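Just so you know, the protein sequences line up as chains A and B, in that order.
Each residue of the first sequence is one higher than the one before, counting from 6 in the numbering used here.
Each residue of the second sequence is one higher than the one before, counting from 25 in the numbering used here.
These are computed hints drawn from the structure, not numbers from a lab.
Don't take every hint at face value.
[Claimed, not checked] Cross-link-like lysine to any residue pairs, in silico, SDA-like; alpha carbons within 25 Å at most:
#, chain 1, residue 1, chain 2, residue 2
1, A, K29, B, G165
2, A, K47, A, L178
3, A, K262, B, T90
[What the hints assert, rightly or not] Label pairs and their in silico Cβ distance ranges:
#, chain 1, residue 1, chain 2, residue 2, range
4, A, D193, B, R46, 32 to 38 Å
5, B, A26, A, E281, 52 to 58 Å
6, B, E27, A, P248, 43 to 49 Å
Every value quoted in this text rests on a predicted model; they were computed, and no experiment measured them.
Quick reminder that beta carbons are idealized off the backbone N, C-alpha and C, glycines included.
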Amino acid sequence: MKLEQEHENVLRGEDGEAMALAMKTLVAYGEAFGAKRLVPIKSAHLTGSFGISPFSAYYQILGRLADEGAKFKVPTTLNPRPGRDLNIINRLIFGRQKRLESCYSALGITPNYSCVCYFNANVPALGDRIAWAESSAVQYANSALGARTNRNSILIDVCGAVTGLTPEFGYLLDENRRGRVLVRIKIDRMDPPALGYIIGKTVVDRVPVIEHYPFSREELKNMGGAMAASGGVALFHVEGVTPEAPDMKTVFDGSPKETITITQADLDAMRSKNTEKIRHVIFGCPQMTADEAAALAERFAGKKTALPVWFCMIPDEMKQFEQTGLFRKAREAGVQVYDHCPLASLPVRKKSHTVLTNSGKLYYYLENTEYGATDDCLRACGVL
Amino acid sequence: MAEYFGKRIVGGRGEGPAIVTRMPVNFTAAFTKIQNIFPGRRAEIRDRHHDLFGKNIQGSVLVFPTCIGSTHSGLVLLEISYRKVAPAAMIVRAADSLLASGAILGQVWYGRGIPLIEYHNDDFYDSVRPGDFIQIDGDSGKISIL
Chain A
6 MKLEQEHENV LRGEDGEAMA LAMKTLVAYG EAFGAKRLVP IKSAHLTGSF GISPFSAYYQ
66 ILGRLADEGA KFKVPTTLNP RPGRDLNIIN RLIFGRQKRL ESCYSALGIT PNYSCVCYFN
126 ANVPALGDRI AWAESSAVQY ANSALGARTN RNSILIDVCG AVTGLTPEFG YLLDENRRGR
186 VLVRIKIDRM DPPALGYIIG KTVVDRVPVI EHYPFSREEL KNMGGAMAAS GGVALFHVEG
246 VTPEAPDMKT VFDGSPKETI TITQADLDAM RSKNTEKIRH VIFGCPQMTA DEAAALAERF
306 AGKKTALPVW FCMIPDEMKQ FEQTGLFRKA REAGVQVYDH CPLASLPVRK KSHTVLTNSG
366 KLYYYLENTE YGATDDCLRA CGVL
Chain B
25 MAEYFGKRIV GGRGEGPAIV TRMPVNFTAA FTKIQNIFPG RRAEIRDRHH DLFGKNIQGS
85 VLVFPTCIGS THSGLVLLEI SYRKVAPAAM IVRAADSLLA SGAILGQVWY GRGIPLIEYH
145 NDDFYDSVRP GDFIQIDGDS GKISIL
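Generate the whole structure from the sequences, applying the supplied hints.
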């Protein structure tokens with residue numbers, strides 16, 4: 006890899022030992038994939054927002070950078086907080102949280118505390134080179150916004166933020182952004198997270214192009230989150246919806262070499278058949294916008310939920326939602342509204358505590374969890 | 025003994041018994057479970073969606089198609105390198121950015137990386153069996169089944 010003089014200087018330790026290792030990390034990362042140079046980035050998004058006590062290496066390294074006086078060189082946002090102190094075990098597991106947040110603050114973080122940074126806190130433009138982590142955010146930035154980022158690991162994201170650089174390979178390059186697999190949909194009742202889950206499982210890491218469907222921005226978010234959990238999809242296109250897929254011809258560079266078809270029966274097969282054992286219903290992974298919360302709150306208004314139910318929201322959007330009458334109605338119906346990550350706060354719980362969620366991502370990661378379409382979840386709550 | 029030459033992703037030598045799966049590995053789902061983070065801290069795959077569920081990969085040569093899922097993969101791979109419970113080496117059909125990062129991070133920051141070779145062809149995957157003793161030289165990309 007060819008480096009600029011100023012990058013060589015950092016590598017030699019001019020900005021400190023930890024900064025030199027950060028630069029060395031990016032060089033090794035780039036060389037593994039044949040990158041020829043490091044390029045400047047417009048922004049970073051970090052995934053490492055949980056101070057998980059039993060893990061130590063990542064936190065040591067972050068501390069070294071902060072102690073050395075390193076600063077993020079580009080606007081840098083951060084994933085959600087791990088959650089409320091729900092039980093003693095969670096309190097022990099997230100014992101590093103305070104120290105972690107003070108490190109980030111010293112480095113210059115934008116404290117958005119959401120995996121959904123891309124609606125307000127950190128919005129890249131078409132063609133911007135960025136170096137993000139968080140699989141769902143990477144996917145939204147690449148797919149829905151047409152920005153360019155690889156699926157960067159935790160710590161690689163920090164190295165990008167403190168240097169303002171990323172190695173040029175993969176999804177930064179035109180040739181890797183074209184469609185690979187055409188996804189035909191034969192669906193009467195669209196369920197975006199279920200569709201995303203099946204696509205991720207099927208295409209794994211290739212670029213899927215979904216036939217035209219007028220997905221909202223929230224549906225793209227929820228479908229993408231699932232796709233990046235059950236698979237390693239970093240970029241997808243939707244014909245006539247996402248910016249790099251005005252039509253099939255453009256996005257495929259000719260005609261597709263592979264086609265898959267996903268049917269209503271495939272989506273329905275995802276839905277839980279054991280709803281009688283559900284103890285808890287969760288909405289909001291990735292976190293919800295105020296619009297999503299309002300639409301769901303309408304369904305709870307004037308009723309009482311039969312099970313504990315959580316709305317997990319983008320913190321800034323939760324502040325807006327709290328000002329509305331629907332928030333009050335949701336609370337009266339028994340809905341708990343949080344601004345944390347549902348995934349982090351629930352791994353340690355009783356075996357009988359089965360969760361139902363309409364999130365394909367949460368379903369993948371959280372043990373003892375069933376998937377349901379939104380109406381299945383409402384039915385389990387006894388409000389439909 | 026059979027030899028294969030793949031592509032170096034992360035250098036270094038490693039050897040051990042093969043653990044083989046045809047399913048992609050989601051390291052975050054595999055290793056952020058109680059069995060891995062409480063005392064004992066085995067490198068045991070605890071992803072209920074995976075056919076290696078319950079397998080301890082410490083000291084093995086892990087053979088799998090690719091890495092999927094969360095960008096926390098690097099946290100897990102860095103941590104198991106740091107704690108010296110990582111696989112001795114990894115052989116993968118397609119090295120993605122998360123897997124490579126995870127293998128690199130331990131090397132750059134603690135001098136303990138996980139040698140990683142990318143190998144595309146079916147011949148190796150058709151002949152390798154779980155438990156085969158494998159040596160790899162990450163620098164030259166050489167894989168030897170002893």
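Self-check item: Given hint L178(A) paired with K47(A) - CA-CA distance at most 25 Å
Solution: Holds, at about 16 Å.
Quiz item: For the pair supplied as a hint, K29(A) and G165(B), is the alpha-carbon distance within the 25 Å limit?
Solution: holds (22 Å)
Quiz prompt | Distance restraint hint 43 to 49 Å, applied to the beta-carbon atoms of E27(B) and P248(A) | solution = Taking Cβ atoms as reference, E27(B) and P248(A) lie about 47 Å apart, which means the hint holds.
Practice problem: Indicate whether the distance between the beta carbons of A26(B) and E281(A) respects the range 52 to 58 Å. | Solution: holds (53 Å)
Practice problem: Go ahead and decide if the range 32 to 38 Å is satisfied by the Cβ distance of D193(A) to R46(B). | Solution: Given about 34 Å between the Cβ atoms, the range holds.
Quiz prompt | Agreement of K262(A) and T90(B) with the hint, judged by alpha carbon distance not exceeding 25 Å | solution = Roughly 21 Å separates the two Cα atoms, so the pair holds.
When the structure is compared with the earlier hints, no violation turns up for any of them.
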